[in-house]
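First to last, the sequence lines map onto chains A and B.
For the record, in the first sequence the residue sitting at position 225 is 249 according to the working numbering, with numbers rising by one throughout.
For the record, in the second sequence the residue sitting at position 37 is 75 according to the working numbering, with numbers rising by one throughout.
Simulated from the structure, these hints should not be mistaken for laboratory data.
Careful, some of the hints might be misleading.
[Unchecked claim] In silico DSBU-like pairs for lysine-lysine, Cα to Cα no more than 35 Å straight-line: (1) K251(B) x K166(A); (2) K253(B) x K185(A); (3) K340(A) x K299(A); (4) K185(A) x K260(B); (5) K299(A) x K185(A); (6) K299(A) x K260(B); (7) K340(A) x K166(A); (8) K185(A) x K166(A); (9) K185(A) x K251(B).
None of these values were measured; they are calculated from a predicted model.
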Amino acid sequence: MPTTIAIDPVTRIEGHARITITLDDQGRVEDCRLHVTQLRGFEAFCVGRPFAEMPSLTARTCGICPVSHLLASAKACDELLAVRIPPAARLLRQLLNYGQLVQSHALSFFHLASPDLLLGMDAAPEQRNLFGLAAARPEVAKDGIALRRFGQQLIERLAGKRIHPDWVVPGGVSRPLSRETAAAIRAELPAMLTAAQNNLERLQEVLPNFTAEIAHFANFPSGYLALAGEAGRLEYYDGPLRLVDQQGRELFNEPEALHYHRHLAEQSEPDSYLKSPYYRPLGPDDGLYRVGPLARLNAAASCGTPRADQALAGFKELAPGGPVTSSFHYHYARLIEIIHGLEKIELLLADDTIYDPRVRATAGANAPEGVGICEAPRGTLIHHYQIDEQGRISAVNMVIATGHNSLAIQQGLQQAARAFINGDPGDNTGSEGPAGTGEKRGQSGGATVGEIGENGNIREGLLNRIEAVLRCYDPCLSCSTHALGQMPLAVELRRPGGELIGQLTRDNDKVESKLTA
Amino acid sequence: MSGGRVITLQIDGRDCGAREEQTILEVARENGIYIPTLCHLNGLHPVGGCRICLVEIAGAPRPLPACVTHPVEGMQVTTDNPELRRQRRLILELMLAEGNHICAVCVVNGHCELQELALQLGVDHLEVPALYPSREVDASHPRFGLDRNRCVLCTRCVRVCGEIEGAHTWDVMGRGLQAMVISDLNQPWGEAESCTGCGKCVQVCPTGALFEKGKSAGEMVKRHLHLPLLTAMRREEEAGE
């Protein structure tokens, strides 16, 4: 009997989503799809607004990384003003972006992902959250909270408040940086670097426990898109947009932001509000690429800072001779980027230019169209605006990091569902199947379809693995909600006609399974 | 100062002396008694348009706006009680429901008289359904913009333009929900020939409806403390002629 399993809502991600797994008559996974279930409408309701409002308007897309939207939007507005912003403003925006990178990565790794990584995929759901982590590994939880606080405080010190600050404006920033503020930030850096370094070591220690997940969590070849710095160094704020293929060969290197759509196309999906961009010349099937920490480290030749470069060397050893393909290693890449971000903050604050009081260029609406691109914590973020003669927005296109990853997420979910439900090693290489990992996995090593069909039960740890694939990408689906850990989860088993044959619910207190039919 | 008969009235139980051409609002302020206002602005003629300054007067069948009501001998005025607060809140709610007021992204966020009033009167949500009207932004002027979504029709811009600048670029067209501020004969502001570009209307606007272009969220601070001085100097000059 063909069956659909729905994971709804998906937990410990930013936003709201549902995953449906379709099983065929033999009970094997036929398809696995992610549905992003909320519509935000920014591209529509910003039309008609004066362009100078766009940074603060679009920052509301996200409560986790409003800074990234502020920067992409302000860069697009700089283009509309047709000005080059003051050197100090450029450095200050970069500084803010690194603060954002550190705080968002700390949130993703420590608050959302580390319960899976350090407590185990099969740990009891009521323990598998930040509070369980704080009880079992207080030192890790403390580091996570400290790093996030540092990043958030940096944003507050520069921009006035932590969430949705108004400091980044078209033409620059609204206030210069004082030496006192800089000194306060610098004083905290050594402890933060130690915390980040320690946690990279902790992750390296537990990696051997996750060989199956590494093999099956969206482990496939793809392109990698990121901004490119000088000499292939990591870059988050400016520089050409560059896509490399699975062999690390350059597919395009576009210095003109306005021309991004010559290379990237977007398709909309019938069952999700998330648009799926792809590399235009290859089409949606072959033009799949990934963005974010994994993509940036795969695309970069070096970080350009000593500690991060040392960590990067270790990262590259995960896949000698080629890019690291498993999305599981997004977590690894995230920790390296935290180290790199902290080192960059140190360098920026040591540069006297950043203290210049001239931080804002003023001008009117001088160009009809502007595109701003920056690297958000989750990947490349593109804001594209057109304005009328009065400077009112006439068209908006926003390509969000999670959108770039959309096709890769779909493919990754299918791969994981096949592996963990069917016990199917899939077409990736080097996998040993979920049963061979030595991890506690219940009787059969992976929930088999027979198990589901016979008693209507779906093992929770299995569904957690499917969700965990999504968590690797740290998707920001709504770009707005802050739920973590204990959102109620409902899984339903339905016959093709929609008849409910079994369901699994998870709420704050207990896991309950019941057979309806 | 001008003469006029001196009378005595009671405001909130306090005896106050006043000249008969004064308004209750003026007398209250002279005596340190606070009455909230919105459309009123020192230096401009009062119009009693917004009704936020409603007060109760013993013997009167309904509350009256303090900014345009003159004192009478023996009058007993109440400026604050639960019913007046309820009425002021409702008036403000209706104003907010009629436009599109999105404080977080507004140029005057943190410096807005409407926002300040809402905080003061405790309007933290709307009990009347919001209308979400579709209103266009006029950004045709090279230096200033008009966002009618944020306009509460206080007519300060109309008055300052006519009474102080003497240009009378602004006026109000239409009635009820269709009422709106227009420049000249309902042309785009940038094409209004009478506009001198002085910017007084922008400075007196209590909300972000009139703003300086290029200002980002929370960056627009209105400056209008000089208005009463302008009015006084104008009067002196006229008297001297």
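Verification of the hints:
{"no.": "1", "hint": "K251(B) x K166(A)", "result": "violated (46 Å)"}
{"no.": "2", "hint": "K253(B) x K185(A)", "result": "holds (19 Å)"}
{"no.": "3", "hint": "K340(A) x K299(A)", "result": "holds (31 Å)"}
{"no.": "4", "hint": "K185(A) x K260(B)", "result": "holds (23 Å)"}
{"no.": "5", "hint": "K299(A) x K185(A)", "result": "holds (31 Å)"}
{"no.": "6", "hint": "K299(A) x K260(B)", "result": "violated (42 Å)"}
{"no.": "7", "hint": "K340(A) x K166(A)", "result": "holds (29 Å)"}
{"no.": "8", "hint": "K185(A) x K166(A)", "result": "holds (23 Å)"}
{"no.": "9", "hint": "K185(A) x K251(B)", "result": "holds (24 Å)"}
Taken one by one, the earlier hints fail for this structure at numbers 1 and 6, listed in ascending order.
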